[in-house]
Amino acid sequence: MSTHNVTVVERPRRNLWVQSYLPEVAKGLAITSRQFFKNLLTGSDIQTVQYPEVKRDYPLRYRGLHRLTYRDDGQVRCVACMCCSTICPANCIHITAAEHEDTSIEKYPAEFVIDELRCIVCGLCVEACPCDAIRMDSGIHAHPFYERDKAFLNKDYLLDLGGPSTAVQGGVLGSRSAR
Amino acid sequence: MPTLTINGKEITVDPGTTVLRAAAMLGIDIPHFCYHPALSVPANCRMCLVEIEKARKLEPSCYAKVGEGMVVHTESPKVIAARRAVLEFILVNHPVDCPICDQAGECKLQDYYVAYDSQPSRVAVPKVGKAKAYPIGPRVVFDGERCILCTRCVRFCDEITGTSELTVAERGDHSEIRTFPGKELDNPYSMNVTDICPVGALTTRDFRFKCRVWLMSSTDSICTGCAKGCNVHLEHFQGEAQRYRPRFNPEVNEYWMCDAGRMSYLELHADRLPSLRVLEDSELSWPRAARKVAALLGEKATGEGVAFVASAQSSCEGLMAGREFVRTMLDDAPVFWTGRPDGDGDAFLIRADKNPNRAGLAGIFGVEVLAQDAHRLLQELERGAIRVLYMMDSTLPFTSDEMKRFRAAVEKLELFVLQAPRRGGLDDLADVLLPSTTHAEQDGSFVNEDGLLQSFWAAYRPRTQALADWEVFVRLARGADRELSFSDFESLHGALHAEQGAAQDAGE
Numbered sequence: 304m305s306t307h308n309v310t311v312v313e314r315p316r317r318n319l320w321v322q323s324y325l326p327e328v329a330k331g332l333a334i335t336s337r338q339f340f341k342n343l344l345t346g347s348d349i350q351t352v353q354y355p356e357v358k359r360d361y362p363l364r365y366r367g368l369h370r371l372t373y374r375d376d377g378q379v380r381c382v383a384c385m386c387c388s389t390i391c392p393a394n395c396i397h398i399t400a401a402e403h404e405d406t407s408i409e410k411y412p413a414e415f416v417i418d419e420l421r422c423i424v425c426g427l428c429v430e431a432c433p434c435d436a437i438r439m440d441s442g443i444h445a446h447p448f449y450e451r452d453k454a455f456l457n458k459d460y461l462l463d464l465g466g467p468s469t470a471v472q473g474g475v476l477g478s479r480s481a482r
Numbered sequence: 383m384p385t386l387t388i389n390g391k392e393i394t395v396d397p398g399t400t401v402l403r404a405a406a407m408l409g410i411d412i413p414h415f416c417y418h419p420a421l422s423v424p425a426n427c428r429m430c431l432v433e434i435e436k437a438r439k440l441e442p443s444c445y446a447k448v449g450e451g452m453v454v455h456t457e458s459p460k461v462i463a464a465r466r467a468v469l470e471f472i473l474v475n476h477p478v479d480c481p482i483c484d485q486a487g488e489c490k491l492q493d494y495y496v497a498y499d500s501q502p503s504r505v506a507v508p509k510v511g512k513a514k515a516y517p518i519g520p521r522v523v524f525d526g527e528r529c530i531l532c533t534r535c536v537r538f539c540d541e542i543t544g545t546s547e548l549t550v551a552e553r554g555d556h557s558e559i560r561t562f563p564g565k566e567l568d569n570p571y572s573m574n575v576t577d578i579c580p581v582g583a584l585t586t587r588d589f590r591f592k593c594r595v596w597l598m599s600s601t602d603s604i605c606t607g608c609a610k611g612c613n614v615h616l617e618h619f620q621g622e623a624q625r626y627r628p629r630f631n632p633e634v635n636e637y638w639m640c641d642a643g644r645m646s647y648l649e650l651h652a653d654r655l656p657s658l659r660v661l662e663d664s665e666l667s668w669p670r671a672a673r674k675v676a677a678l679l680g681e682k683a684t685g686e687g688v689a690f691v692a693s694a695q696s697s698c699e700g701l702m703a704g705r706e707f708v709r710t711m712l713d714d715a716p717v718f719w720t721g722r723p724d725g726d727g728d729a730f731l732i733r734a735d736k737n738p739n740r741a742g743l744a745g746i747f748g749v750e751v752l753a754q755d756a757h758r759l760l761q762e763l764e765r766g767a768i769r770v771l772y773m774m775d776s777t778l779p780f781t782s783d784e785m786k787r788f789r790a791a792v793e794k795l796e797l798f799v800l801q802a803p804r805r806g807g808l809d810d811l812a813d814v815l816l817p818s819t820t821h822a823e824q825d826g827s828f829v830n831e832d833g834l835l836q837s838f839w840a841a842y843r844p845r846t847q848a849l850a851d852w853e854v855f856v857r858l859a860r861g862a863d864r865e866l867s868f869s870d871f872e873s874l875h876g877a878l879h880a881e882q883g884a885a886q887d888a889g890e
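Top line first, the protein sequences correspond to chains U and Y.
Counting in my numbering, the first sequence runs from 304 upward without gaps.
Counting in my numbering, the second sequence runs from 383 upward without gaps.
These are computed hints drawn from the structure, not numbers from a lab.
Certain hints may be false.
[What the hints assert, rightly or not] Here are the computed distance ranges between Cβ atoms for each label pair: (1) U:450 <-> Y:590: 31 to 37 Å; (2) U:450 <-> Y:876: 34 to 40 Å; (3) Y:553 <-> U:457: 22 to 28 Å; (4) U:457 <-> Y:863: 54 to 60 Å; (5) Y:793 <-> U:390: 55 to 61 Å; (6) U:457 <-> Y:648: 42 to 48 Å; (7) Y:553 <-> U:404: 40 to 46 Å.
[Stated by the list, open to error] Covered, in the sense of this in silico footprint (three residues per stretch, anywhere, with C-beta under 8 Å from a C-beta of chain Y), are these stretches of chain U: (8) 359-373; (9) 397-405.
All C-beta atoms, glycine included, are put in the ideal place defined by N, C-alpha and C.
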């Protein structure tokens, strides 16, 4: 390491006023008490909120609990392609695929479980999904669980958080050529 | 011997070689769908078009024969443009349902699209709908929309199996693979069409939606369905076998395998012995169990009335170790053999002998042992000539009636040691249970019916306490403070090769 850029700063000398401590303690207490009475009487300077009674607005792109979107008829949009569980770095998505009786859908997840204890909230599952089926924009942040199995969010739970997707299943005809 | 130049590289090949084969010899990969080395060449997919100087048009390289002084370009702008156009044509009516397609990840159309096309669709009219998820046979599912009409499956059924179930029906963009009226794709080799199908049009019912292909690991293995010993890729995910796929071996099975063999992977996890048990004690480690078993054998397995049953399902290494185990621990007891009963065979790949290693067994214990089969064992048991029985496998070729008799006879034994991967309906009778591994969980080798020694490798670790057969024998010998002449797989495998080599030299 080169030394020619080093500026030596002299340590400030402590005089008797400082070394006796008491005046400095009084100064500090004055600042604290001023702030205390100001907050007590006006409340104008408080930075914290009374969570959970009061909640801040989360930014639009905040990644909260996962949700599964559904088709227009209310069925799960996910086709169990396993892209999310493949890309998941925490290995927290477990899908069991099954045959759908409607041949235009063919494949759907019979089970879809997310282990929220393992999830690292990276959002890669959302990016990997080719069907806009999984989203993390529920706005609910992962809360603590008193029992371990409550942290395994199943398909029904995730669908309850979900809503219809704004994307069109299979894309809009001809929309890709317009790009 | 014509000499030609491909992409600036010169090569001399036999006359009659196609340009595609010549390019492959140079390590140049020409994309293709309909060409398959084991089938006739229809040149209908047009994916393998290449530029040949002085030719008027692009030529299909799978069909064009080499000529003296030919100059071929496989990556020229004209060729690339043609490939792009061919792919665009193929994709006009393709549903692009890769997320739900089982072929995704091993699909040639996907690969070539990424490599050569990568353009959005320009088609703004609805696609032509065709059969979806149609069960074209008892083991195969057909999807008409994904099909690119390369006719590999049609040619397979015409040329390899000779059963001719499939044909192309209708015209133009309504063309579709169909079975002839009243027929379905049901022959003993029908699942091979799913391997040769370059897209997801034909997939197996068994593997449907089971696992994505990119998640699986693949281990080279041998099919244990019959004595042919077809080479397979054993594909597994998280320590569980998912499927078999044939592995090319021109000396054994070429590109194919039978459906029964392909489904035999299901046995790998079925009916497994859960854990060690010696008399009533079932919470044991191997060293403790080995000492206890060795003590039991030392007490009871001496003199007359001891019998050892070798398995035609076990690897050569396991059988070699077993032979030495009989010499050192069982006082050279008489050896019987067991395995699956014979079934039907054919002239192609399926053999009547349903055991993977009967030839290996005969090589190691001597051909005489084959006369000492499970039925002889049953006679001896019922005669009361056997007090102590050590079985290397629970597979028995018995009918249910014979099985009842066998169980009754086994109940009277002084000591019954069962070393097996599967319960086989005998685990409740055994005094000692020693779980062993299947061929998917150990390295080893089989000798197939034609005398070919073929190796297989461990794909995943066993979930139970199971150990490979040879290791069980080594541990039991150690439990009695004896050593077999080998203590690791390499020395055993080397000894096996030396023995096999000597046997072959003597045979010649």
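The hints, checked one at a time:
no.: 1; hint: U:450 <-> Y:590: 31 to 37 Å; verdict: holds, 36 Å
no.: 2; hint: U:450 <-> Y:876: 34 to 40 Å; verdict: violated, 56 Å
no.: 3; hint: Y:553 <-> U:457: 22 to 28 Å; verdict: violated, 49 Å
no.: 4; hint: U:457 <-> Y:863: 54 to 60 Å; verdict: holds, 56 Å
no.: 5; hint: Y:793 <-> U:390: 55 to 61 Å; verdict: holds, 56 Å
no.: 6; hint: U:457 <-> Y:648: 42 to 48 Å; verdict: violated, 29 Å
no.: 7; hint: Y:553 <-> U:404: 40 to 46 Å; verdict: violated, 32 Å
no.: 8; hint: 359-373; verdict: violated (count 0)
no.: 9; hint: 397-405; verdict: holds (count 3)
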